[in-house]
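> One letter stands for each residue in the lines below.
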Amino acid sequence: MSSLAYLCIAFLAVWLVLYIYIFILHSRQVRMQRELNQLKKEKQQTAK
Amino acid sequence: MRTRLLIIISAVLIMAALVLTFLVAPPIEGQAESYRIFYFHVPVAWTAFLAFLLTFAWSIVYLKKRDMKWDFYASASAEIGLVFTTLILITGSIWAKSAWGIWWTWDLRLTTSLVLWLIYVGYFLIRGYVPDEERRARFGAVIGIIGFVDVPIVALAISLAPTTHPPPVIFEGGLTDWREVLTLLVGIAAFTVLFFVLLGQRVSLKHSEDTLKKLKSE
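Protein sequences appear in the order of chains G and U. Under the working numbering, the first sequence has 36 at position 45, and the numbering climbs by one with no breaks. Under the working numbering, the second sequence has 101 at position 96, and the numbering climbs by one with no breaks.
Honestly, the hints are just simulated from the structure, not real lab data. Every residue gets a Cβ at the ideal spot worked out from N, C-alpha and C, and that includes glycine. Please note that a few of the clues may not be correct.
With the C-beta cut set under 7 Å, the calculated list includes, among others, these residues of chain U facing chain G [what the hints assert, rightly or not]: (1) A37; (2) S39; (3) D137; (4) L210; (5) K219; (6) L220.
Cut-off 16 Å, straight-line C-alpha distance, at most; resulting in silico cross-link-like pairs (EDC-like, lysine to aspartate or glutamate) [said to hold, decoys possible]: (7) K218/U - E138/U; (8) K31/G - E223/U; (9) K211/U - E26/G; (10) K219/U - E33/G; (11) K219/U - E26/G; (12) K32/G - E223/U; (13) K211/U - D72/U; (14) K31/G - E214/U; (15) K211/U - D112/U; (16) K74/U - E138/U; (17) K102/U - E33/G; (18) K218/U - E26/G; (19) K31/G - D215/U; (20) K74/U - E139/U; (21) K70/U - E139/U; (22) K221/U - E26/G; (23) K211/U - E84/U; (24) K74/U - D215/U; (25) K74/U - E214/U; (26) K69/U - E139/U; (27) K34/G - E223/U; (28) K218/U - E33/G; (29) K102/U - E38/U; (30) K102/U - D112/U.
Beta-carbon label-pair distances, calculated as ranges [what the hints assert, rightly or not]: (31) R19/G - T169/U: 38 to 44 Å; (32) L165/U - R19/G: 39 to 45 Å; (33) F144/U - R19/G: 21 to 27 Å; (34) I15/G - R9/U: 17 to 23 Å; (35) W6/G - K218/U: 32 to 38 Å; (36) R25/G - T116/U: 40 to 46 Å; (37) S164/U - R25/G: 49 to 55 Å.
The whole structure should be built from the sequences, with the hints applied where relevant.
Structure follows, in structure tokens:
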């Protein structure tokens, strides 16, 4: 494998790992927000 | 608003670092193109060390004040530090394979870096096994403080023992061309800002978790 290929693989590896981490954080945030909204809605309905 | 500004600054710096690394930084005589891995390997290492330094500081603050907020900041910073340490090991191995023909060698710099990674994996394993919040925070703080001892060892490893790892270049005149210095500095700035963006995301996630817990218990 050429030296340039190693450079590109290293670069892609960095952004792949960071992308996976950011994606995990983001999907947890979305799930949490969805749960929060649902819970708030349920609380409002029981209050009525 | 502040988070959005940080995200924009981070994106601009990352793009600039990308251009500088691949197009502006001059080739080094006698070095293959893979030497450019240096321009993100070093910033990634710097960011991991910064993350563990903050974990260390916030762990001390937690033990003094016993406020869970500091434990959360310490663990969030350790989590991001662990991601960046994983990146040190990955980029280092790829560079080693290209430069030395091997993926790994048990020399002091590489071994202490692996130990650093294992310390923070242990940090999260132990936190995961302790159900009581206070004890978990206390154990975490102790590991966060003791674990940090490995950071200066990793940083100084190349001066402490004979190694195959390249010698330090930043403070010892290794970078002679201004374009090399600029590329490295922009890379460090880009990953540092990214670290704070990630920390902000992690903190906001924690706030959502806390609100959800509170609503469920009501």
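> It remains to establish, for every hint, whether it holds in the given structure.
Comparing the hints with the structure gives:
With a least beta-carbon distance of about 3 Å to chain G, the hint placing A37/U at the interface is held under the 7 Å criterion. With a cut of 7 Å, the hint placing S39/U at the interface with chain G holds, because the nearest CB-to-CB distance is about 4 Å. Checking D137/U against chain G: minimum C-beta separation of about 23 Å lies over 7 Å; hint violated. For the restraint placing L210/U at the interface with chain G, the shortest Cβ-Cβ distance is roughly 5 Å, inside the 7 Å limit, so the hint holds.
The restraint placing K219/U at the interface with chain G is violated, with a minimum CB-CB distance near 10 Å, outside the 7 Å limit. Interface hint at L220/U: satisfied, since its Cβ lies 5 Å from the closest Cβ of chain G, which is below the 7 Å cut-off. Taken as a hint, the K218/U and E138/U pair is honoured in the structure, with Cα atoms around 14 Å apart against an allowance of 16 Å. At most 16 Å may separate the alpha-carbon atoms for a hinted pair to count; K31/G and E223/U meet this at roughly 11 Å.
For the proposed pair K211/U and E26/G, the alpha carbon gap of about 14 Å is at most 16 Å, so the pair holds. Distance hint between K219/U and E33/G is fulfilled; the C-alpha atoms sit about 14 Å from each other, no more than 16 Å. Restraint check: the Cα-Cα separation between K219/U and E26/G comes to about 13 Å, which is no more than 16 Å; the hinted pair holds. A threshold of 16 Å between alpha carbons decides the hint, and for K32/G with E223/U the separation of about 14 Å falls inside it, so the pair holds.
Annotation: proposed proximity of K211/U to D72/U holds, straight-line Cα distance about 15 Å (limit 16 Å). Our distance criterion of 16 Å between C-alpha atoms is met by K31/G and E214/U, whose separation comes to about 14 Å. Taking the CA atoms of K211/U and D112/U, the gap is near 39 Å; set against the 16 Å cutoff, the hint is violated. The hinted pair formed by K74/U and E138/U meets the criterion: a straight-line CA distance of about 12 Å does not exceed 16 Å.
As the CA atoms of K102/U and E33/G are separated by approximately 57 Å, the hinted pair breaks the 16 Å bound. The straight-line distance between the Cα atoms of K218/U and E26/G is roughly 11 Å, inside the 16 Å bound, and the hint therefore holds. Using a Cα cut-off of 16 Å, the hinted pair K31/G and D215/U holds, with the two alpha carbons roughly 14 Å apart. Between K74/U and E139/U the alpha-carbon distance is near 12 Å, which keeps this suggested pair within the 16 Å criterion.
For the hint pairing K70/U with E139/U, the CA-to-CA distance comes to about 12 Å; that is within 16 Å, so the pair holds. Distance restraint check for K221/U and E26/G: the Cα-Cα separation of roughly 10 Å lies within the 16 Å cut-off, and the hinted pair is therefore satisfied. Using a Cα cut-off of 16 Å, the hinted pair K211/U and E84/U holds, with the two alpha carbons roughly 13 Å apart. Proposed proximity of K74/U and D215/U is supported: the alpha carbons are some 11 Å apart, at most 16 Å.
Only pairs whose Cα atoms come within 16 Å are accepted, and K74/U paired with E214/U is accepted, the gap being roughly 13 Å. With a C-alpha separation of about 13 Å, the suggested pairing of K69/U with E139/U holds against the 16 Å cut-off. Restraint check: the Cα-Cα separation between K34/G and E223/U comes to about 10 Å, which is no more than 16 Å; the hinted pair holds. For the proposed pair K218/U and E33/G, the alpha carbon gap of about 15 Å is at most 16 Å, so the pair holds.
For the suggested pair K102/U and E38/U, the alpha carbons sit about 13 Å apart, so the restraint of at most 16 Å is met. Of the supplied pair hints, the one linking K102/U and D112/U holds, its CA atoms being roughly 15 Å apart against a limit of 16 Å. A hinted range of 38 to 44 Å holds for the C-beta pair R19/G and T169/U, which are about 40 Å apart. A C-beta distance of roughly 40 Å is found between L165/U and R19/G, which places it inside the suggested range of 39 to 45 Å.
Separated by about 24 Å at the C-beta atoms, F144/U and R19/G satisfy the suggested range of 21 to 27 Å. The given range of 17 to 23 Å is respected by I15/G and R9/U, whose C-beta atoms sit roughly 21 Å from each other. The hinted window of 32 to 38 Å between W6/G and K218/U holds, with their beta carbons roughly 34 Å apart. For R25/G and T116/U, the Cβ-Cβ distance of about 44 Å falls inside the hinted range of 40 to 46 Å, so the restraint holds.
The supplied range of 49 to 55 Å is met by S164/U and R25/G, whose beta-carbon atoms lie about 52 Å from each other.
Hint violations for this structure: numbers 3, 5, 15, 17, all remaining hints satisfied.
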